[in-house]
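*Asks:* If you want the building blocks of each chain, they are given just below.
2 protein chains.
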Amino acid sequence: MPLRLDRSATGFEADFAAFLATKREVSEDVDTVVRDIIARVREEGDAALIDYTRRFDRLDLSKTGIAVSEAEVDAAMAEVDADTLAALRFAHERITAHHARQMPQDDRYVDPVGVELGSRWTAVEAVGLYVPGGTASYPSSVLMNAVPARVAGVERIVMTVPSPDGQLNPLVLAAARLAGVSEIYRVGGAQAVAALAYGTETIAPVAKIVGPGNAYVAAAKRRVFGTVGIDMIAGPSEVLVIADGNNDPSWLAADLLAQAEHDAAAQSILITDDAGLADAVEAEVERQLARLPRGEMAAASWRDFGAIIIVADLADAVPLANRIAAEHLELAMDDAENYVEKIRNAGAVFLGRHTPEVIGDYVGGSNHVLPTARSARFSSGLSVLDFVKRTSLLKLGPEQLRLLAPAAIALARAENLDGHAASVAIRLNPES
Amino acid sequence: MPLRLDRSATGFEADFAAFLATKREVSEDVDTVVRDIIARVREEGDAALIDYTRRFDRLDLSKTGIAVSEAEVDAAMAEVDADTLAALRFAHERITAHHARQMPQDDRYVDPVGVELGSRWTAVEAVGLYVPGGTASYPSSVLMNAVPARVAGVERIVMTVPSPDGQLNPLVLAAARLAGVSEIYRVGGAQAVAALAYGTETIAPVAKIVGPGNAYVAAAKRRVFGTVGIDMIAGPSEVLVIADGNNDPSWLAADLLAQAEHDAAAQSILITDDAGLADAVEAEVERQLARLPRGEMAAASWRDFGAIIIVADLADAVPLANRIAAEHLELAMDDAENYVEKIRNAGAVFLGRHTPEVIGDYVGGSNHVLPTARSARFSSGLSVLDFVKRTSLLKLGPEQLRLLAPAAIALARAENLDGHAASVAIRLNPES
Numbered sequence: 001m002p003l004r005l006d007r008s009a010t011g012f013e014a015d016f017a018a019f020l021a022t023k024r025e026v027s028e029d030v031d032t033v034v035r036d037i038i039a040r041v042r043e044e045g046d047a048a049l050i051d052y053t054r055r056f057d058r059l060d061l062s063k064t065g066i067a068v069s070e071a072e073v074d075a076a077m078a079e080v081d082a083d084t085l086a087a088l089r090f091a092h093e094r095i096t097a098h099h100a101r102q103m104p105q106d107d108r109y110v111d112p113v114g115v116e117l118g119s120r121w122t123a124v125e126a127v128g129l130y131v132p133g134g135t136a137s138y139p140s141s142v143l144m145n146a147v148p149a150r151v152a153g154v155e156r157i158v159m160t161v162p163s164p165d166g167q168l169n170p171l172v173l174a175a176a177r178l179a180g181v182s183e184i185y186r187v188g189g190a191q192a193v194a195a196l197a198y199g200t201e202t203i204a205p206v207a208k209i210v211g212p213g214n215a216y217v218a219a220a221k222r223r224v225f226g227t228v229g230i231d232m233i234a235g236p237s238e239v240l241v242i243a244d245g246n247n248d249p250s251w252l253a254a255d256l257l258a259q260a261e262h263d264a265a266a267q268s269i270l271i272t273d274d275a276g277l278a279d280a281v282e283a284e285v286e287r288q289l290a291r292l293p294r295g296e297m298a299a300a301s302w303r304d305f306g307a308i309i310i311v312a313d314l315a316d317a318v319p320l321a322n323r324i325a326a327e328h329l330e331l332a333m334d335d336a337e338n339y340v341e342k343i344r345n346a347g348a349v350f351l352g353r354h355t356p357e358v359i360g361d362y363v364g365g366s367n368h369v370l371p372t373a374r375s376a377r378f379s380s381g382l383s384v385l386d387f388v389k390r391t392s393l394l395k396l397g398p399e400q401l402r403l404l405a406p407a408a409i410a411l412a413r414a415e416n417l418d419g420h421a422a423s424v425a426i427r428l429n430p431e432s
Numbered sequence: 001m002p003l004r005l006d007r008s009a010t011g012f013e014a015d016f017a018a019f020l021a022t023k024r025e026v027s028e029d030v031d032t033v034v035r036d037i038i039a040r041v042r043e044e045g046d047a048a049l050i051d052y053t054r055r056f057d058r059l060d061l062s063k064t065g066i067a068v069s070e071a072e073v074d075a076a077m078a079e080v081d082a083d084t085l086a087a088l089r090f091a092h093e094r095i096t097a098h099h100a101r102q103m104p105q106d107d108r109y110v111d112p113v114g115v116e117l118g119s120r121w122t123a124v125e126a127v128g129l130y131v132p133g134g135t136a137s138y139p140s141s142v143l144m145n146a147v148p149a150r151v152a153g154v155e156r157i158v159m160t161v162p163s164p165d166g167q168l169n170p171l172v173l174a175a176a177r178l179a180g181v182s183e184i185y186r187v188g189g190a191q192a193v194a195a196l197a198y199g200t201e202t203i204a205p206v207a208k209i210v211g212p213g214n215a216y217v218a219a220a221k222r223r224v225f226g227t228v229g230i231d232m233i234a235g236p237s238e239v240l241v242i243a244d245g246n247n248d249p250s251w252l253a254a255d256l257l258a259q260a261e262h263d264a265a266a267q268s269i270l271i272t273d274d275a276g277l278a279d280a281v282e283a284e285v286e287r288q289l290a291r292l293p294r295g296e297m298a299a300a301s302w303r304d305f306g307a308i309i310i311v312a313d314l315a316d317a318v319p320l321a322n323r324i325a326a327e328h329l330e331l332a333m334d335d336a337e338n339y340v341e342k343i344r345n346a347g348a349v350f351l352g353r354h355t356p357e358v359i360g361d362y363v364g365g366s367n368h369v370l371p372t373a374r375s376a377r378f379s380s381g382l383s384v385l386d387f388v389k390r391t392s393l394l395k396l397g398p399e400q401l402r403l404l405a406p407a408a409i410a411l412a413r414a415e416n417l418d419g420h421a422a423s424v425a426i427r428l429n430p431e432s
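If you're matching them up, the sequences are chains R and Z in order.
Counting from 1, one number per residue, gives the positions in the first sequence under the numbering used here.
Counting from 1, one number per residue, gives the positions in the second sequence under the numbering used here.
Quick caveat, the hints were computed from the structure, so don't treat them as lab data.
C-beta atoms are modelled at their ideal positions from N, C-alpha and C, and glycine is treated no differently.
Fair warning: there could be bad hints in the mix.
One side of the interface only, derived from the structure: several residues of chain R facing chain Z at Cβ under 10 angstroms [stated by the list, open to error]:
{"#": "1", "residue": "Thr96"}
{"#": "2", "residue": "Ala207"}
{"#": "3", "residue": "Gly245"}
{"#": "4", "residue": "Asp335"}
{"#": "5", "residue": "Asn338"}
{"#": "6", "residue": "Arg344"}
{"#": "7", "residue": "Gly352"}
{"#": "8", "residue": "Val363"}
{"#": "9", "residue": "Ser379"}
Derived SDA-like pairs: lysine to any residue, alpha-carbon spacing no greater than 25 angstroms straight-line [to be verified]:
{"#": "10", "chain 1": "R", "residue 1": "Lys23", "chain 2": "Z", "residue 2": "Thr227"}
{"#": "11", "chain 1": "R", "residue 1": "Lys23", "chain 2": "R", "residue 2": "Leu5"}
{"#": "12", "chain 1": "Z", "residue 1": "Lys342", "chain 2": "R", "residue 2": "Ser182"}
{"#": "13", "chain 1": "Z", "residue 1": "Lys342", "chain 2": "R", "residue 2": "Pro205"}
{"#": "14", "chain 1": "Z", "residue 1": "Lys342", "chain 2": "R", "residue 2": "Asp106"}
{"#": "15", "chain 1": "R", "residue 1": "Lys63", "chain 2": "R", "residue 2": "Asn247"}
{"#": "16", "chain 1": "Z", "residue 1": "Lys23", "chain 2": "R", "residue 2": "Arg7"}
{"#": "17", "chain 1": "Z", "residue 1": "Lys342", "chain 2": "R", "residue 2": "Leu5"}
{"#": "18", "chain 1": "R", "residue 1": "Lys23", "chain 2": "Z", "residue 2": "Ala315"}
{"#": "19", "chain 1": "Z", "residue 1": "Lys342", "chain 2": "Z", "residue 2": "Ala315"}
Which stretches of chain R does chain Z cover? Using the computed rule of at least three CB atoms under 8 angstroms from a CB of chain Z, they are [what the hints assert, rightly or not]:
{"#": "20", "segment": "133 to 141"}
{"#": "21", "segment": "269 to 278"}
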């Protein structure tokens with residue numbers, strides 16, 4: 001049974017605060033292992049990759065090669081059935097079109113006193129894309145990570161993906177081909193992250209690493225951060241559905257379960273002003289769970305982390321939603337358009353009854369890499385901005401320098417940085 | 001003596017690679033101490049702040065209060081001399097004008113098939129600004145951190161600053177007042193970071209923490225990351241000057257020393273195609289060092305981390321500069337405008353002989369919080385973007401859902417996420 005809260009009940013605030021504070025992640029202590037793996041890859045390069053892959057993936061890279069060949073990708077493309085490939089292409093086109101709108105504009109201008117200022121955006125030169133192996137090896141995630149990099153103008157997009165027992169998901173290779181991934185290596189885990197950050201004989205280093213992974217991958221990304229950039233460390237996925245009474249309970253139940261089936265630590269929350277609807281949704285969840293292939297996983301998530309919150313009025317849900325700051329927020333109501341204006345913290349909002357969150361996972365066009373665990377309060381989903389960086393430009397002539405110098409010198413002296421003051425003053429009085 | 005490299009010498013590549021790999025930071029192992037401090041602040045709140053401040057800052061907060069009062073800030077404003085206050089105001093205006101151009105635009109549109117998509121930017125609700133005490137307590141840094149937050153629309157800007165023996169820098173308080181800081185607390189160190197992240201009776205928690213600090217502050221920021229957002233952990237500052245032969249060596253020497261005086265771990269690098277100029281600059285550095293109040297610091301930095309690289313042609317400096325990816329890059333040459341087009345990795349570029357980097361520290365208008373330690377390869381200086389976050393919006397009607405559904409269902413099934421497929425399918429066939 002999921003948690004059930006009533007906003008009008010005594011003690012709601014304490015219960016809600018405790019709910020918000022619930023940790024959904026088991027933090028495995030893998031840091032020592034990861035430190036050693038990184039050190040060995042830095043020292044031994046390819047040889048370390050070969051050894052770890054033999055041990056962890058039961059695969060001899062000295063026979064297969066570390067790189068996945070173009071011919072292998074060709075074969076994967078041929079192997080994928082036509083409908084799925086068409087769906088991947090459709091998703092790729094929609095994601096590309098949306099992300100093309102995100103490219104930031106350079107800004108170069110002269111201010112009223114003649115100082116030239118500017119902000120210039122350039123692409124990160126090389127990006128590593130980590131793709132998990134096994135059941136979490138999602139072609140949609142390859143598109144969601146590679147497309148913004150490609151749109152940004154990243155020249156080298158380097159994918160690493162473990163191939164346990166030599167198996168690679170042909171759909172993942174197909175997605176990589178569509179998205180313009182430039183190199184693919186069959187390595188995974190902390191060793192792949194180390195190779196991307198520091199390079200080996202075969203893998204040239206990158207400047208930034210993105211993509212999801214298990215506890216070892218996350219720990220490795222944290223460790224190499226600084227040497228390279230990393231994306232956010234994603235936590236378990238979550239959805240918040242805010243629904244009025246005028247909904248088909250089976251639709252809402254399906255949406256809650258789509259989230260819950262990801263992971264036993266995923267979270268599905270329903271807020272409604274209709275207690276009757278809440279009951280109906282709960283019954284529907286049980287009914288649909290029975291026929292869901294990943295029902296056991298979904299049931300655990302719903303039981304341990306699911307929640308239903310009853311409010312007297314949907315307006316009361318706004319502050320709760322802003323505190324939850326959900327990764328995914330569905331507004332299953334008539335006037336979603338006005339309601340969303342009041343929502344401040346959410347990774348992505350799905351407006352109206354005909355926009356299930358799953359559309360955003362695949363073909364909506366927006367990115368499905370979104371801030372989890374309340375981090376939508378301070379961060380954004382993956383976008384083109386994650387693959388570009390800004391350089392400030394400043395240009396003064398002698399006249400502008402004379403104009404700005406007194407204030408710069410005054411502040412430098414106030415901060416006891418006389419060398420700073422001197423570097424300005426010396427240009428005013430070159431003979432000094 | 002600084003390192004001296006000649007690009008045409010045998011072994012240059014190995015020497016340059018070793019130079020790039022030089023670590024300039026001593027990583028103090030403070031993590032255990034910091035963990036305990038954070039745990040105690042979470043548990044005991046204000047009482048822990050009072051105890052730590054008594055111990056570390058020799059100040060009794062139970063007498064002074066944790067908050068700095070408006071009257072204290074008024075008094076500080078009155079205490080600052082008129083010229084310095086005018087300089088602060090001048091800087092504040094220029095920084096505000098530049099950052100106002102950085103506010104990203106919302107984007108809402110309907111695509112060719114009628115799907116509504118959008119990117120909506122909202123300000124982070126509350127931001128913590130850490131300001132160091134003692135000699136590193138810079139009013140200019142208060143402006144550089146607070147102004148972009150203010151421009152972004154952050155409602156609560158909460159400043160913490162330690163006051164060793166009860167001393168607060170009046171200029172720091174004045175800068176806070178000018179920049180619109182909403183609350184100021186006289187606490188520092190890991191305990192201040194913990195209070196900002198988790199809150200105490202007096203200090204309400206924030207969603208993001210920015211600002212420089214010592215090893216304890218940096219370790220605390222790393223630890224609370226996830227609960228709140230943080231900015232980059234800044235390393236020692238650095239400047240790269242690329243100069244043709246037609247420069248006054250005393251100007252270049254002054255610029256190199258302005259950087260070197262920051263910190264013994266700061267770094268100043270000169271690349272030139274004129275070995276004679278290099279010699280003259282080196283002699284000038286020695287001459288100016290003698291009269292610099294922070295000469296000992298600057299001398300240590302120049303001796304341990306300074307470098308002069310001779311190239312046959314300034315074009316040869318481009319790939320070196322892009323690998324160095326300096327925080328600050330000065331182009332002391334005639335045609336800086338064309339040269340900068342080839343520069344890809346740099347935090348900020350200062351064009352021409354009349355744009356010393358120090359102008360950017362104070363009054364240029366651009367931000368002086370910039371990526372250090374080669375991180376300009378993958379990250380940007382502080383900007384308004386660091387204080388806003390983007391929410392994706394997606395809205396389909398029944399017709400759009402029918403159009404996108406087949407591809408979404410195909411991909412969901414290909415990923416073995418039948419619950420995902422069901423959440424789309426159930427809307428096509430409600431009676432199922």
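*Asks:* Does Z:Lys342 pair with R:Pro205 here, judged by a C-alpha cut-off of 25 angstroms?
*Replies:* The given pair, whose Cα atoms are some 22 angstroms apart, holds under the 25 angstroms limit.
*Asks:* Hey, R:Lys23 versus R:Leu5, does the alpha-carbon distance stay inside 25 angstroms?
*Replies:* Satisfied, since the Cα-Cα distance of roughly 18 angstroms is no more than 25 angstroms.
*Asks:* Going by Cβ atoms only, is R:Gly352 closer than 10 angstroms to chain Z?
*Replies:* 6 angstroms, holds
*Asks:* When you check the alpha-carbon spacing of R:Lys23 and Z:Thr227, does it fall within 25 angstroms?
*Replies:* Since the Cα atoms of R:Lys23 and Z:Thr227 sit roughly 11 angstroms apart, the hinted pair holds (cutoff 25 angstroms).
*Asks:* Taken at face value, is the distance from the CA of R:Ser182 to the CA of Z:Lys342 at most 25 angstroms?
*Replies:* 24 angstroms, holds
*Asks:* Hint R:Asn338 vs chain Z: min CB-CB distance below 10 angstroms?
*Replies:* Cβ of R:Asn338 sits 13 angstroms from chain Z, so the hint is violated.
*Asks:* Hey, does the R:Ser379 contact hint survive, CB to chain Z under 10 angstroms?
*Replies:* 6 angstroms, holds
*Asks:* Can the restraint linking Z:Lys342 and R:Leu5 be considered satisfied, given a maximum Cα separation of 25 angstroms?
*Replies:* Cα-Cα ~59 angstroms, so violated.
*Asks:* Going by Cβ atoms only, is R:Arg344 closer than 10 angstroms to chain Z?
*Replies:* With Cβ-Cβ at 5 angstroms, under 10 angstroms, it holds.
*Asks:* Should the hint that R:Asp335 touches chain Z count as held when the rule is a Cβ pair under 10 angstroms?
*Replies:* 12 angstroms, violated
*Asks:* Does the structure keep Z:Lys342 and R:Asp106 at a Cα separation of 25 angstroms or less?
*Replies:* With a Cα-Cα distance of about 15 angstroms, the restraint between Z:Lys342 and R:Asp106 holds, given a limit of 25 angstroms.
*Asks:* Three residues or more, CB to CB closer than 8 angstroms: is that satisfied between the segment 133 to 141 of chain R and chain Z?
*Replies:* n = 4 at 8 angstroms, threshold three: holds.
This entry does not satisfy hints 1, 3, 4, 5, 15, 16, 17, 18 and 21, going by the numbered hints stated previously.
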